[in-house]
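*Asks:* One-letter residues, chain by chain:
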Amino acid sequence: MTATSTASDATASTEPERAFRLTDSTMRDGSHAVYHQFTTDHVRAVVGALDTAGVPVIEVTHGDGMGGSSFTYGFSHTPETDLLEVAVETATRAKIAVLFVPGIGVKDDLREAADIGAKVARIATHCTEADIAEQHIALAKESGMEAVGFLMMSHMIQPADLVEQAKKMESYGADCVYIVDSAGAMTMDGFKARVGAVKSAVDVQVGVHAHNNLSLAVANSLAAFGEGADQIDGCTTGLGAGAGNCPTEVLVATCEKSGIATGVDTFTMMDAAQDVVRPIHPEMGIIDRDGLTLGYAGVYGSFLLHARRAAQRYEVDVRDILIELGRRGMVGGQEDMIIDVALQLRREGDTAR
Amino acid sequence: MRCAVLGSGNIGTDLVVKLLRTPGLELGALVGIDPDSDGLRTARDLGVETSHEGVDWLLERADEYDLVFEATSAWVHRRNARRYEEAGLTAVDLTPAKVGPLVVPPVNGDEHLGAPNVNLITCGGQATVPMVAAVASVCEVPYAEIVSSVSSRSAGPGTRQNIDEFTKTTSDALVTVGGAGRGKAIMVLNPAEPPILMRNTVFCALPDGYDEAAVAQSVVDMVARVAEYVPGYRLKNEPVFEHDRYRTPGGEVGSRVVVLLEVEGAGDYFPPYAGNLDIMTASAVRVGTALAERVGAPA
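Protein sequences, first through last, are from chains L and Y.
Per my numbering, the very first residue in the first sequence carries number 1; after that it's consecutive.
Per my numbering, the very first residue in the second sequence carries number 354; after that it's consecutive.
Any given hint might turn out to be false.
Said to hold, decoys possible - Using 20 Å as the maximum straight-line C-alpha spacing, the simulated PhoX-like pairs for lysine-lysine come out as follows: (1) L:107 <-> Y:521; (2) L:119 <-> L:107; (3) L:95 <-> L:119; (4) L:107 <-> L:141; (5) L:141 <-> L:119; (6) Y:451 <-> L:107.
As the list claims (entries may be wrong) - Quick list of the computed label-pair ranges, beta carbon to beta carbon: (7) Y:620 <-> L:274: 55 to 61 Å; (8) L:19 <-> Y:435: 33 to 39 Å; (9) Y:373 <-> L:347: 28 to 34 Å; (10) Y:432 <-> L:117: 32 to 38 Å; (11) Y:605 <-> L:41: 19 to 25 Å.
No lab work stands behind these hints: they were computed from the structure.
Yeah, the Cβ is synthetic: ideal placement off N, Cα and C, and Gly gets one too.
Working from the sequences, and respecting the hints, build out all of it.
*Replies:* Spelled out as structure tokens, the structure:
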């Protein structure tokens, strides 16, 4: 039972040995999969279980970041600041992180997160637009938080271009720059090339965030680790946008088999997944046609549930909506265009009839 | 009315091109701070006097002007606003500084003509506040939300550093000018090539018992009024009404109207995809013209 001995030896005062830092985003990316209906009870149970397992960073926010509660992205069941307060109260060892997207949230949201006790602010932009994060990265640092630059939809640009954006985030003060595969569209070669290029160009840490639309999230994360990734994201059971994220419990178990220390106890993590997170969304982990379409066509994963609703309302095909969004080059945050595309497809359908 | 433009970036230069063909507004100068800026060069080529010595140059000649259009950035305008007023210059502010009252020509264009300083909110505000006001004129709007998407190429450094001011000023205008109970604005930059046209989506929460036909007609009428001065402003689809349980900050509602807009620019200085620049400068010309007509009219 080596799996259980690692975490039980660890105490709050000594950091367990680990080869990379794991961030579990179940309570943020998973928000997409449940229409942003997380409650304080969910947060208490999930953060408690992950903290016990030894997960060092746990992200808690609306799926689209602070201030995401809206018509466009879906209204939160419970205000995210209430969720954040419970997360901070519950965690005994783990740092609590928040996601923030410039253009959706405002600086006061970040200040509030810091006041509540968030220790990590992840500032997310589309992979070509790092310069809109300058003020927010600086504010996160001034507020005493660790700042992570989060370059979404990184599959859309070449490694050399991604390097330029990562260097901008580093220059604004980011402690770590993330390569984020928001569409779950990258293969292992894609991850290796981008992590390798960014890692050799910046002095700060490099992280990766993978989605499982092509069933590659764990493999991609390990490939990134091989190129020197310092931080890796998971979501327990994969609970997240699209076909889900890199499943934390699978990543932890796979790392243990590979001799890569995560600092997380494998069996406790497996129990957290099965007993605490799995009941929230029992079918999570299935890669159905729609999820696969996201990865195949390189479409922002959070569009999925909105596209399903629009498809039903306007009697058009989900896959047609997703493919058209990809063809138009829509980026994260443009959920409003799902209605636009559904209406266009319906008009075209009416004309064809 | 004699006017000057301060700021030789995309907005200021596009405004110069429009002012040169606007009767009643006599353009005296474009003032910047970078002698090598493309904007100053363009203005010189058009026969407009230029200076790269900034606001001080303009204030030394304040008695030669009546009106200044500020197309710099929010923090620069906050610094300049008092000096304009002391110099007797009326200011039309194209930054999101919010020093003066917020103005959207077809909604409240006549209300603040005597003010020393008026603010044009943001491009997203000019595009969406008229829609909220149109809905609010026929029923209560407890909550309004807008998403503005602009091409990355049309967003200069000012816009990029002002993204919080954009969302906050626009949200405020949805309430104070549009008439919504609560407001939220979202901005997205899209790097697609060829560049996307400016898009705006307006969501208004609707109370029980709203009149669908009246809301739709009011929206269509207002689109026509904006299109009088922004010819590329148009609906992508007739307004759609969706029904669900929406827990908005203005209270729970069962319906919303979704207005999908596109703004194609006139292509004056920047290419037509930059409808976001065009709607700002077109609104500025509209406000300037109203000021000139007021001064020109017998008291």
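*Asks:* Decide, hint by hint, whether the structure agrees.
*Replies:* Going through the hints against the structure:
no., hint, in the structure
1, L:107 <-> Y:521, "holds, 10 Å"
2, L:119 <-> L:107, "holds, 16 Å"
3, L:95 <-> L:119, "holds, 6 Å"
4, L:107 <-> L:141, "holds, 12 Å"
5, L:141 <-> L:119, "holds, 10 Å"
6, Y:451 <-> L:107, "holds, 18 Å"
7, Y:620 <-> L:274: 55 to 61 Å, "holds, 60 Å"
8, L:19 <-> Y:435: 33 to 39 Å, "violated, 58 Å"
9, Y:373 <-> L:347: 28 to 34 Å, "violated, 40 Å"
10, Y:432 <-> L:117: 32 to 38 Å, "holds, 37 Å"
11, Y:605 <-> L:41: 19 to 25 Å, "holds, 22 Å"
In terms of the numbered hints stated before, the structure departs from hints 8 and 9, listed from lowest to highest.
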